[in-house]
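Colleague: Here is what each chain is made of, one letter per residue.
Number of protein chains: 2
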Amino acid sequence: MSADLNTLSLADLMRLKAKGRLDIHELVAACDRRVRARESEVRAFEHYDFAAVENQIKALGPDILPLHGIPFGVKDIIDTRDMPTTWGSAIYADHYPARDAGIVATLRSAGGIVFGKTVSTEFAFLDPGKTRNPINLKHTPGGSSQGSAASVADAMVPFALGTQTAASVIRPAAFCGVVGYKASVGEFDLGGVGNLSQTMDSLGFFTRDAEDLVILRQALLGSPSDDAIPERKKWKIGFVKTAHWQQADKAYRELIEKMGEAFATDGHEWRVMTVGPDSTDLADAQVTVMAYEAARARMPEYRDRAAELSPNIKALIEQGLSIPLSRYQSARRLALKAREELKRALLEHDFLMTPSTTGEAPATLEQTGDPIFSRMWTVMGAPAITLPVGRGPAGLPLGIQLIGAVGEDGVLVQHAVELQEYLRSRA
Amino acid sequence: MSADLNTLSLADLMRLKAKGRLDIHELVAACDRRVRARESEVRAFEHYDFAAVENQIKALGPDILPLHGIPFGVKDIIDTRDMPTTWGSAIYADHYPARDAGIVATLRSAGGIVFGKTVSTEFAFLDPGKTRNPINLKHTPGGSSQGSAASVADAMVPFALGTQTAASVIRPAAFCGVVGYKASVGEFDLGGVGNLSQTMDSLGFFTRDAEDLVILRQALLGSPSDDAIPERKKWKIGFVKTAHWQQADKAYRELIEKMGEAFATDGHEWRVMTVGPDSTDLADAQVTVMAYEAARARMPEYRDRAAELSPNIKALIEQGLSIPLSRYQSARRLALKAREELKRALLEHDFLMTPSTTGEAPATLEQTGDPIFSRMWTVMGAPAITLPVGRGPAGLPLGIQLIGAVGEDGVLVQHAVELQEYLRSRA
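Chains as they are written, first to last, in this note's numbering: chain A, 1 to 427; chain B, 1 to 427.
Worth flagging that the hints you see were computed from the coordinates, not collected in a lab. None of these values were measured; they are calculated from a predicted model. Just so you know, not all the hints are guaranteed correct.
You can't tell identical chains apart in this list, so a pair holds if it fits in one copy or across any two.
[Stated by the list, open to error] Below are the DSSO-like pairs computed for lysine-lysine, each with C-alpha atoms no more than 30 Å apart in a straight line:
#  : residue 1 : residue 2
1  : LYS314    : LYS58
2  : LYS337    : LYS236
3  : LYS314    : LYS250
4  : LYS234    : LYS258
5  : LYS138    : LYS337
6  : LYS58     : LYS343
7  : LYS58     : LYS236
8  : LYS17     : LYS130
9  : LYS233    : LYS314
10 : LYS343    : LYS138
11 : LYS250    : LYS17
12 : LYS241    : LYS17
13 : LYS234    : LYS314
14 : LYS314    : LYS130
15 : LYS138    : LYS250
16 : LYS130    : LYS337
17 : LYS343    : LYS258
18 : LYS130    : LYS241
Kindly produce the complete structure, drawing on both the sequences and the hints.
Modeller: Written out as structure tokens, the structure is:
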């Protein structure tokens with residue numbers, strides 16, 4: 001069985017561990033075999049060195065920690081003291097940070113093993129890295145957390161860390177056919193995590209099972225109180241098409257509409273609804289806020305190393321510097337207004353549902369796909385989870401996005417677990 | 001006149017510059033003379049090297065930037081690529097970050113000169129650094145941004161950067177008799193700024209004139225739209241005593257009450273009021289949130305360098321790890337509820353007023369004073385400004401704290417400028 005350990009979800013690994021049948025040496029060996037077999041094609045890692053993994057395993061204490069010996073991938077804009085952290089930029093090709101990011105140290109304290117650094121687009125913005133979609137190598141894995149999505153999808157690691165400022169978790173997770181969880185703004189410590197926007201940057205997790213998110217949140221944040229777990233058997237789902245619905249592929253729209261009909265047939269409420277200000281205005285607000293804030297966040301490189309920046313990131317910074325304060329503030333106020341309306345909508349619905357992407361991953365490695373179905377939620381700071389819901393006409397994965405109220409991540413994760421069960425039972 | 005250039009406020013320097021009469025070489029020379037005369041007593045700097053200042057001056061382009069050649073102090077938990085950044089800890093005594101913090105790069109892009117790194121308490125928490133109060137060397141300058149407050153108070157630099165997670169800007173500014181501005185959470189980029197709490201860390205500025213804050217905000221964020229500037233001649237001031245009022249020194253309470261009477265006499269409204277949940281609960285919530293989040297933020301050092309941490313910071317981390325998620329979440333919810341009530345209160349008042357500290361700086365260098373009058377506003381994420389309002393019985397400075405709505409920093413700064421004018425005209 002050990003040959004397949006790399007394919008198990010974190011939840012499965014925990015069940016094996018509970019039975020005393022998880023050998024962590026076999027686990028990391030299986031993951032290493034998978035990397036060696038596939039990395040030349042998938043190209044998920046910016047830095048990978050199995051000796052570093054073995055060293056961490058050797059340094060582990062007794063098996064008393066929740067994630068004892070569990071390997072995970074770390075997006076390469078997240079600091080690690082023992083592996084380079086390049087932020088997807090040649091500027092930092094050889095950069096070893098002085099300390100781990102808080103989230104990395106916390107996972108290590110829980111027994112986790114940093115398996116390698118996964119490819120990020122340049123500064124978690126547009127310029128793709130080398131990663132290919134493991135389902136079809138001619139297609140983009142999405143971005144910016146592309147190596148994390150691909151490494152989890154290709155069974156190289158059970159989970160991986162990413163970040164999102166526009167669609168950088170939800171999009172690559174959906175394109176690669178895995179679970180992606182983009183946390184609420186403020187939900188996790190971001191010390192040592194490459195920054196782009198002080199009001200939108202969020203941590204993200206890629207897994208192969210929604211249940212894994214419960215395990216990870218518990219290891220990082222502590223156990224939720226029991227009252228956080230909803231017991232509802234019938235959902236009230238708010239289905240938000242947004243003004244961009246027609247930009248989604250026809251086959252994908254049909255899949256979602258069919259899913260909605262099935263919900264209704266099974267006695268769940270499935271209401272087409274809108275949230276907050278016009279979704280086009282909200283998506284525009286996200287663009288404005290990102291450019292304005294990224295200009296300040298990337299000023300260190302723009303000022304000192306401009307020649308080594310891509311035209312895309314330079315254009316973003318210059319766009320941001322040209323945005324008047326009043327326009328930025330209007331965009332922020334719109335986002336905060338929408339956040340309040342989202343909160344109200346979630347008093348009446350268990351969760352909202354909306355497309356994860358415009359459809360399957362495009363057949364290109366030159367760009368990472370359209371972020372349009374994430375922008376409005378990201379500017380609100382909302383938690384989002386994408387679950388795989390099958391394949392499209394080109395044979396690539398499709399996802400469905402769940403949205404919760406800001407700060408209510410635990411509830412959203414619980415709904416995602418139940419929805420995953422429902423979707424699997426229907427498949 | 002050049003001997004006194006170091007004593008001028010940023011606003012005065014800008015006026016001199018507008019007349020073509022500011023010689024930046026004379027300015028930095030005057031600041032250097034002041035440091036050499038006083039640093040052995042005040043001990044404001046963790047790192048100071050005039051050659052590095054001269055190098056920055058030499059590298060300046062033509063005088064077209066708003067802060068061309070203006071020196072400023074940088075709290076030593078804020079990254080600088082050309083000067084060590086120790087975070088007030090022996091762990092990072094020789095640490096040179098790979099890049100400037102975003103805020104430092106942005107100020108440099110505006111023409112500013114990093115004059116030196118100012119002393120911080122260990123990781124911006126409790127353990128005092130070496131700095132003494134320039135008004136009376138036997139007294140604490142406050143903390144955590146102690147070197148920034150002292151360097152500005154002692155005319156070594158016109159302004160300095162700090163951070164606040166409890167009272168780390170307002171308290172040292174009040175104790176040293178300068179203007180302190182603690183920004184709203186989310187107002188400025190915090191990339192490369194030492195972190196302690198993902199929901200409370202805020203940037204701060206120390207100046208000798210409230211007008212300087214307008215200049216700095218403009219250089220960093222762009223010009224505010226005209227409608228942001230209130231034209232009111234008579235204020236509606238909400239005076240928040242809080243449940244901790246009796247912890248303030250009697251003389252200080254009397255000074256504030258007298259100020260309130262004067263406002264009323266002059267036709268301003270001065271209403272004693274409360275905001276949000278009980279202020280004791282809010283202060284407790286700040287303690288809970290700080291410990292819980294700091295435990296995750298400082299996990300890199302706790303995991304890898306525990307022997308080099310102070311007992312205070314270790315106790316904070318261990319306290320934080322023992323806090324159940326449910327208690328942390330309750331504290332956060334209380335804070336967000338209070339934030340909403342603060343917003344409503346500021347629809348009916350121009351600004352709120354509350355003590356900056358419990359009184360004058362205590363006669364000790366072993367601790368940095370009581371943060372109680374800042375905790376509740378910090379956990380809400382609110383902007384706060386302290387203005388000097390005279391001296392107490394021991395001859396040390398006292399401040400008065402102005403509070404605004406979250407994200408409405410520009411309005412609060414404008415009120416602070418007007419209030420400063422009012423207070424000066426009455427002095």
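Colleague: For every hint, state whether the structure bears it out.
Modeller: Here is how each hint holds up against the structure:
1. With identical chains, the CA atoms of LYS314 and LYS58 are at most 30 Å apart between copies only, with a shortest distance of 26 Å across copies and 44 Å within one.
2. Taking CA atoms no more than 30 Å apart as the test, LYS337 paired with LYS236 passes in both settings, with 23 Å inside one copy and 26 Å between copies.
3. Within a single copy, LYS314 and LYS250 get their C-alpha atoms no closer than 35 Å, and across copies no closer than 57 Å, so neither meets the 30 Å cut-off.
4. When the C-alpha separation of LYS234 and LYS258 is checked against a cutoff of 30 Å, the pair qualifies only within one copy, where the shortest distance is 18 Å, while the shortest distance between copies is 62 Å.
5. Taking the closest pair of Cα atoms, LYS138 and LYS337 never come within 30 Å of each other, the shortest separation being 41 Å inside a single copy and 50 Å across copies.
6. In this assembly of identical chains, LYS58 and LYS343 lie within 30 Å of each other by CA distance neither inside one copy nor across copies; the values are 47 Å within and 53 Å between.
7. When the C-alpha separation of LYS58 and LYS236 is checked against a cutoff of 30 Å, the pair qualifies neither within a copy, at 49 Å, nor between copies, at 65 Å.
8. Neither within a single protomer nor between protomers do LYS17 and LYS130 lie at most 30 Å apart by alpha-carbon distance, with minima of 35 Å and 51 Å respectively.
9. Taking identical chains as interchangeable, the C-alpha atoms of LYS233 and LYS314 are never at most 30 Å apart, the minima being 50 Å within one chain and 45 Å between chains.
10. Proximity of LYS343 and LYS138 under a CA criterion of 30 Å is satisfied in neither setting, with 40 Å inside one chain copy and 52 Å between copies.
11. Taking the shortest alpha-carbon separations for LYS250 and LYS17, neither the intra-copy value of 44 Å nor the inter-copy value of 62 Å comes in at or below 30 Å.
12. Taking the shortest Cα distances, LYS241 and LYS17 never come within 30 Å of each other, neither inside one copy (42 Å) nor across copies (56 Å).
13. In this homomeric assembly, LYS234 and LYS314 never come within 30 Å of each other (Cα to Cα): the closest approach is 49 Å inside a single copy and 47 Å across copies.
14. In this assembly of identical chains, the alpha carbons of LYS314 and LYS130 lie at most 30 Å apart only when taken from the same copy (20 Å versus 42 Å across copies).
15. In this homomeric assembly, LYS138 and LYS250 come within 30 Å of each other (Cα to Cα) only inside a single copy, at 22 Å, whereas the closest approach across copies is 75 Å.
16. Neither within a single protomer nor between protomers do LYS130 and LYS337 lie at most 30 Å apart by alpha-carbon distance, with minima of 39 Å and 45 Å respectively.
17. Taking CA atoms no more than 30 Å apart as the test, LYS343 paired with LYS258 passes inside one copy only; the shortest distance there is 27 Å, against 44 Å between copies.
18. In this assembly of identical chains, the alpha carbons of LYS130 and LYS241 never lie at most 30 Å apart, being 33 Å within a copy and 59 Å across copies at closest.
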